[in-house]
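Respectively, the protein sequence lines represent chains A and B. For the first sequence, position 70 (counting from the first letter as 1) is numbered 69 according to numbering that gives the first Met the number 0, and the numbering increases by one without interruption. For the second sequence, position 297 (counting from the first letter as 1) is numbered 296 according to numbering that gives the first Met the number 0, and the numbering increases by one without interruption.
Derived from the structure by calculation, the hints contain no laboratory data. Keep in mind that the hints are not guaranteed to be accurate.
[Unchecked claim] Pairs of lysine-lysine residues, derived as DSS-like cross-links and limited to a Cα-Cα distance of at most 30 Å, are as follows:
(1) B:K25 with B:K217
(2) B:K217 with A:K1
(3) B:K307 with B:K292
(4) B:K31 with B:K315
(5) B:K315 with B:K25
(6) B:K314 with B:K31
(7) B:K215 with B:K281
(8) B:K34 with B:K281
(9) A:K2 with B:K158
(10) A:K56 with B:K281
(11) B:K31 with B:K21
(12) B:K106 with B:K221
(13) A:K56 with B:K257
(14) B:K31 with A:K14
(15) A:K1 with B:K215
(16) A:K2 with B:K34
(17) A:K76 with B:K25
(18) B:K215 with A:K56
[What the hints assert, rightly or not] For each label pair, taking beta carbons as the anchor points, the in silico distance ranges come out as:
(19) B:I5 with A:P5: 49 to 59 Å
(20) A:A73 with B:G105: 28 to 38 Å
(21) A:Q74 with B:H276: 27 to 37 Å
(22) B:N7 with A:K1: 17 to 27 Å
(23) A:L69 with B:G105: 37 to 47 Å
Glycine residues also receive a C-beta, built at the ideal position from the N, C-alpha and C atoms.
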Amino acid sequence: MKKNWPLWEVFVRSKNGLEHRHFGSLHAADAEMALENARDVYTRRSEGVSIWVVESKNITASNPENSGELFEPAQDKVYRHPTFYTLPDEVKHM
Amino acid sequence: MSEKEIKNLEEIFEQRIARDEKIEPKDWMPEKYRKTHIRQISQHAHSEIVGMLPEGNWISRAPSLRRKVALLAKVQDEAGHGLYLYSACETLGISREELYEQLHTGKAKYSSIFNYPTLTWADIGAIGWLVDGAAIINQVPLCSTSYGPYARAMIRVCKEESFHQRQGYEIMMTLANGTPDQKEMAQDALNRWWWPSLMMLGPTDAESVHTEQSMKWKLKRKTNDELRQQFIDQTVPQADLIGLTIPDSDLKWNEETKHYDFGEIDWDEFWQVVKGHGPCNKERLSARVNAWKEGEWVRDAAMAYADKQQENKIKKAI
């Protein structure tokens, strides 16, 4: 059977000190070609100093349908934020 | 899902868009939203890819190295824009192969402006100035469209596009300030590209079937006629500035509306070109199909090589 070039996700670090950020995706036969293509497609104007490519099928993503049970429990845990705690006015920085 | 449940989901969905929330690939969306976006994003991607052809015609004949590197970079950007858009489109659950298939069989459309020929070097100037100018007017509002991957692709496209228009205008300006023959060449290019550029902004509001729905989904922020007026208002003074004449005898400033009034657009020509009877429809499509066919053995060889490398790796590990 004929095989098409798989899809890769591209992550680019725009400068040292910053994290890699998802830039988009592209098709390539293998990882090396994916890197070369990512350079041409996503960094034509010095947008990056480092590139990661990951074959898309290797990414496990959460399902937005489950967003409720995944993320809502954090909403009523206000005690995780500093503003939950009362301090005397005299304490200026804490 | 029952009809009632779908109706409910649709309502929640429309409210999210009204609140300016973005829709992301795995979110639930109405089938019509998905289909409309596949159609629009793929048409847009195809236009970028086919758009390389008329300009590619002049790369090897650019009049100087400066012009040549600029044109090469512009055409490479268009390939890049096509690729951003194809991958945004694929997040809606259609494969790259299906998208190409739709282009190659003529099922999907691309912007009909690219079915006009590039006869002289001045056409490269006119395309950058007018065609990219009209494209920018179309594209800027899309940076805040509701579908996340499309909006993100458009932000990148718009950032890169403005050099395209400037390099085109610079070409026109240089020719307009040149010898009488050069100036005539620039004027001739303007004469040929002006009306097709106005058509590029789409049929009049009365004829445009998708406008209302597209406005709701923020696929459109302004109507075709509003965009066209904006394009004319911004372009006429630019032509005046370099001493070229817009080929429209009805064109005049309207002090009351603060806009230019302009002449009748030949919509028959527009529909003829859309239907495939433009000067270069066949040529463009066959160039594209041939490029894809002739590249097939390269794609297959690269895939076979990748598979073999993978097998060797596994063998070594064992």
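Comparing the hints with the structure gives:
1. For the suggested pair K25 of chain B and K217 of chain B, the alpha carbons sit about 19 Å apart, so the restraint of at most 30 Å is met.
2. The straight-line distance between the Cα atoms of K217 of chain B and K1 of chain A is roughly 39 Å, outside the 30 Å bound, and the hint therefore fails.
3. The straight-line distance between the Cα atoms of K307 of chain B and K292 of chain B is roughly 24 Å, inside the 30 Å bound, and the hint therefore holds.
4. With a C-alpha separation of about 50 Å, the suggested pairing of K31 of chain B with K315 of chain B is violated against the 30 Å cut-off.
5. Note on K315 of chain B and K25 of chain B: the hinted pairing is violated, with a Cα-Cα distance of about 38 Å set against a maximum of 30 Å.
6. In summary, the hint linking K314 of chain B to K31 of chain B is not supported, as the alpha carbons are separated by about 48 Å, beyond the 30 Å threshold.
7. Straight-line distance between C-alpha atoms of K215 of chain B and K281 of chain B comes to about 36 Å, which puts the hinted pair past the 30 Å bound.
8. Between K34 of chain B and K281 of chain B the alpha-carbon distance is near 27 Å, which keeps this suggested pair within the 30 Å criterion.
9. Restraint check for K2 of chain A and K158 of chain B: not satisfied, since their Cα atoms lie roughly 35 Å apart, outside the 30 Å limit.
10. For the given pair, K56 of chain A sits about 38 Å from K281 of chain B by alpha-carbon distance, which is inconsistent with the 30 Å threshold.
11. With a C-alpha separation of about 17 Å, the suggested pairing of K31 of chain B with K21 of chain B holds against the 30 Å cut-off.
12. In summary, the hint linking K106 of chain B to K221 of chain B is supported, as the alpha carbons are separated by about 27 Å, within the 30 Å threshold.
13. In summary, the hint linking K56 of chain A to K257 of chain B is not supported, as the alpha carbons are separated by about 55 Å, beyond the 30 Å threshold.
14. Among the hinted pairs, K31 of chain B with K14 of chain A is inconsistent with the structure: their alpha-carbon atoms are about 40 Å apart, more than 30 Å.
15. Note on K1 of chain A and K215 of chain B: the hinted pairing is violated, with a Cα-Cα distance of about 41 Å set against a maximum of 30 Å.
16. Of the supplied pair hints, the one linking K2 of chain A and K34 of chain B holds, its CA atoms being roughly 26 Å apart against a limit of 30 Å.
17. Distance hint between K76 of chain A and K25 of chain B is fulfilled; the C-alpha atoms sit about 27 Å from each other, no more than 30 Å.
18. With a C-alpha separation of about 34 Å, the suggested pair K215 of chain B and K56 of chain A falls outside the 30 Å cut-off, and the hint is violated.
19. Taking 49 to 59 Å as the suggested C-beta distance range, the pair I5 of chain B and P5 of chain A does not conform, at roughly 33 Å.
20. Between A73 of chain A and G105 of chain B the CB atoms are about 51 Å apart, so this pair departs from the stated range of 28 to 38 Å.
21. A beta carbon spacing of about 59 Å between Q74 of chain A and H276 of chain B contradicts the range 27 to 37 Å that was offered as a hint.
22. Range check, N7 of chain B to K1 of chain A: Cβ separation about 43 Å, and the 17 to 27 Å hint is violated.
23. Between L69 of chain A and G105 of chain B the C-beta distance comes to about 45 Å, which sits within the given range of 37 to 47 Å.
Hints 2, 4, 5, 6, 7, 9, 10, 13, 14, 15, 18, 19, 20, 21, 22, counting from the list given before, are not met by this structure.
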